[in-house]
Amino acid sequence: MTEADAIRIAIVGHTNTGKTSLLRTLTRDRTFGKVADSAGTTRHVQAASVTLENRDALIWFDTPGLEDSIALYDWAAQLTAPGQRLDGPDRIVQFLQDPQASQRFEQEHRVLAQIIQSDAVLYVVDVRDAVLPKHRDELHLLQWCAKPVLPVLNFTASEQAHAQPWIETFARQGIHIYVAFDSVSPPSDGEQLLFDTLAQVLAQARPTLQALSQQAAKAKSERRAAALERIAQLCVRVAAMTVTVANDPQTVMAAQQEQQARVRHLERRCVTDLLALYAFAPDDYTASELPVTDGRWQTDLFSKEAITEAGLSVGKGAAVGAVAGVAIDVFSAGLTLGTGTLLGAAAGSIWQGVDRWGSGIKAKLLGQEAFRVGDDVLQVLAARQLRLIQALERRGHAASNRVNTQDKSGEVGEPFDQKAFLRIMAVARLHPSWSDSTSTTRTQQTAVLALHQCLAASPLLAN
Amino acid sequence: MRYLDDAWRYELVRLNESESTWLNDTLANREVVQQTDNRLPQLWRRAQLLAPGLGAVTTMQNVTSTLKASAMILGLLAIVLGLSAGLAALGDSAEPVNVIWALLAVLLVPTLSLLLWIVSCLLPQAKGGWLGQGWEWVANRWLSRGKAARAWRAWLNVAEERQATKWWLAVVTHSFWVATLAGALLALLVAFSLRHYTFMWQTTWLEAAVFVELAQAISVFPAWLGFNVPEAQTILMSGNQAVDQSTIRTQWAHWLVGAVFAWGLLPRLIALIVSAYFLQRCYASVQPQPKDAYALLVQERLQKALKAISVDGPPGQLDQWPQAVFLSPKKCRDTRAAVALETAWLEARRASLTDAVHVLAPIDDRVSRQEALVQLQSLAPSHLLIVVDAQQTPDRGLLNTILALTPHTGRARVYLKPADGARNRTVQWQDKLQAIGLGKPLLDWPSALEWMKLHD
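Chains A and B, in that order, give the protein sequences. Residues 1442 to 1904 (this note's numbering) are what the first sequence spells out, left to right. Residues 8 to 463 (this note's numbering) are what the second sequence spells out, left to right.
Among the hints, a few may not be true.
Said to hold, decoys possible - Subject to a maximum C-alpha distance of 16 Å in a straight line, what follows is the list of computed EDC-like cross-link-like pairs (lysine to aspartate or glutamate):
# : chain 1 : residue 1 : chain 2 : residue 2
1 : B       : K311      : A       : D1470
2 : A       : K1588     : A       : E1494
3 : A       : K1661     : A       : E1834
4 : B       : K311      : A       : E1494
5 : A       : K1659     : B       : D299
Derived from the structure by calculation, the hints contain no laboratory data. On a predicted model such as this, the values are computed, not experimentally measured, just so you know.
Can you build the whole structure from these sequences, using the hints too?
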């Protein structure tokens, strides 16, 4: 298949309805075109191709917005030709050939010229807008081009969305197939949906569109699998982390802080990887837009709020919020008085999130203490990454607003099977060498795989 | 081992890119996507193109040569060990050789360790032999520092991923023993050629028949292979005293050589071949497509290399707006008019306007616009209030309408019907109205009413 065989789809619509945004989301490319809340941001036709087996199978054409369709429609409606009855395509061709009209309607000229060369048209509307005569004129112009038109209802997720008047307007024009596709929070199978619906209006291109739909579905599931594997690696690595230090208050404190810093660093790396995997990048957003800044979550992993934010219910265990302090206090009874007091004091103000580990006999004999990351922190870690995946899968590449990870509307109880999770974490703890990024033994891979499966069953990721 | 280098190189590039930043891969990516469309070959080919830039070729060679050198040293050590073991087993030729004792000296350790290896193979987490692990440990000492460290890690990762580690270690272990046993066999052959040995077996309380059976049992297998074996009579004669008779000496020497070969060298050789077979099978099978985050990201980069963003031409000129033209004050009448564009909002507010204000029907299409223009022409108001919804994007159509209205009035202002946060386009309106010379829009209704009352 060469470029000449590729299906060509023009994306058109009134100005500022989010055509470029739609393409950003469809191509998963945040940098495509220019987006601004203003008329006429896109000033030329820009192509983006979708490849299938290394060939361009479909080309999207992002076009400038239609702005003055009323005047253009009037201009074209008044056209006459001696001894001839003009139909729609005739009028469009006359318009495209008229140099004066082309100057007056420079942007519209580009749009209609593109439509004539395309196989179908996606007509994007902002369903927050009321249906106005100018929109009807746009539809008339599109009908004159004699190409299949598939309306795309954008911003359907908005509270101000009124889709029904639009649907009725389309029906009056004889258009009964449409797609609701919010480019900011698209349906998780949005790409497939669009290809499948296009296949309904473009019968001759159906096999290619079906293949594209399958490709999109495959890519989506591969992305998720890779993301879950990455999270599983993170959890296994953090769980395996063990620090053994001499049993004196200052060293213990310093070691714990160092351990916390390492965990934060690993989480940051993982977040950056997940963002990259979903074609987002932390530096594209300012602090307020994503709960993660510079790959770091705004709520510190080792703070009590993190548990609430992660929607976890760490029941009886050693450490929920304030209980964490008590737990450490109880532990420290076995330590020297100095350490105990210090840990007790620390637990009062900040939550350590690091457990003293029943260390080996050798460590005891040498007067050492071993520390590892607590169960609760591990659960928060996993839950946060899962929520990030959930947010990213539902986020369009046109979105610039803050991801609402605190949205409890889809709340589903535990984010994952905590028992199974902790069982695998217990295995990881027996292998301190797994915390080393260079370690890739079979058993470690088995643990990662098991965790991957445990997390994949998360109700957060159910569609 | 067909794919060892490909997989190793890919892993090395992967470690590099995932631990630091993406390499400069624009050219390489373009070349890769032009050559193949299958994911794994694409990833391998890309790594192949990028590896020289990392100095990967040299570091990989370093690792290979270190591994080879260590294997060589191990091999030499094994041969020396075997030679000395063989010679030690025979002792100096002054004393007769105790055949059972000599055989045990050469075969006991290798046979026991072979049995252990076979047993460990049946266990789920087989390691592949102690010697191999020792070799890995030594290699680790040499390679885990410096430039080769990453290449070595990549090598280990690939071995682990291919489940080949066990077989690598097994191959090293068996090679070591093959060399040792070959050394021992060589020692026996040389010693039997150049020195004079007599043979016997000894016992304190066992019966002679036991030794006859034992010696014959041991020689069954060598006999198959064509070695001469001592007859029962000969074995009986050699009990507790050596017989210095050429045929008997030769028979015993053959017996010893045959036993070491058939029970020592041959099984090890078979184990080595089996391990080597499994090892090459680990690398020869094409792996499934990598589906981890790194592979997907590379895939995405490759796809990007395919996409040339094309445009239909230079971007259009930004709109050049003419300045609004107004009716000269002389031609105006002292009337006021108000009209709404694409909103019915003004109709609802008619009550708040005095009767002196002519409220025109809202403009939203060509017909209503034409009607409004006709009405304005006859009214020639001194003030025209144009109401628009701040939610609307100020597009060319709306601005053209405003520009068409102003020539029929002495002055005009735009009132922006307030809109809530997300879709408030007041700023865009301010810019556009500025551009057509209409001044700032009015933002609250009372001041709009106030403006309508002005006289001058």
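Practice problem: Mind checking the alpha carbons of K1588 (chain A) and E1494 (chain A) for me, to see if they're no more than 16 Å apart? | Solution: Distance of about 27 Å is beyond 16 Å: violated.
Exercise. Take the C-alpha atoms of K311 (chain B) and D1470 (chain A), compute the straight-line distance between them, and say whether it is at most 16 Å.
Key: holds (10 Å)
Self-check item: Given pair status - E1834 (chain A), K1661 (chain A), alpha carbons within 16 Å
Solution: Cα-Cα ~9 Å, so holds.
Quiz item: Given the hint that K311 (chain B) pairs with E1494 (chain A), does the C-alpha gap stay at or below 16 Å?
Solution: Measuring from Cα to Cα gives roughly 14 Å; hence the hint holds.
Quiz item: Given the hinted pair K1659 (chain A) and D299 (chain B), is their alpha-carbon gap at most 16 Å?
Solution: With a Cα-Cα distance of about 14 Å, the restraint between K1659 (chain A) and D299 (chain B) holds, given a limit of 16 Å.
Violation of the numbered hints given earlier is confined to hint 2; every other hint is satisfied by the structure.
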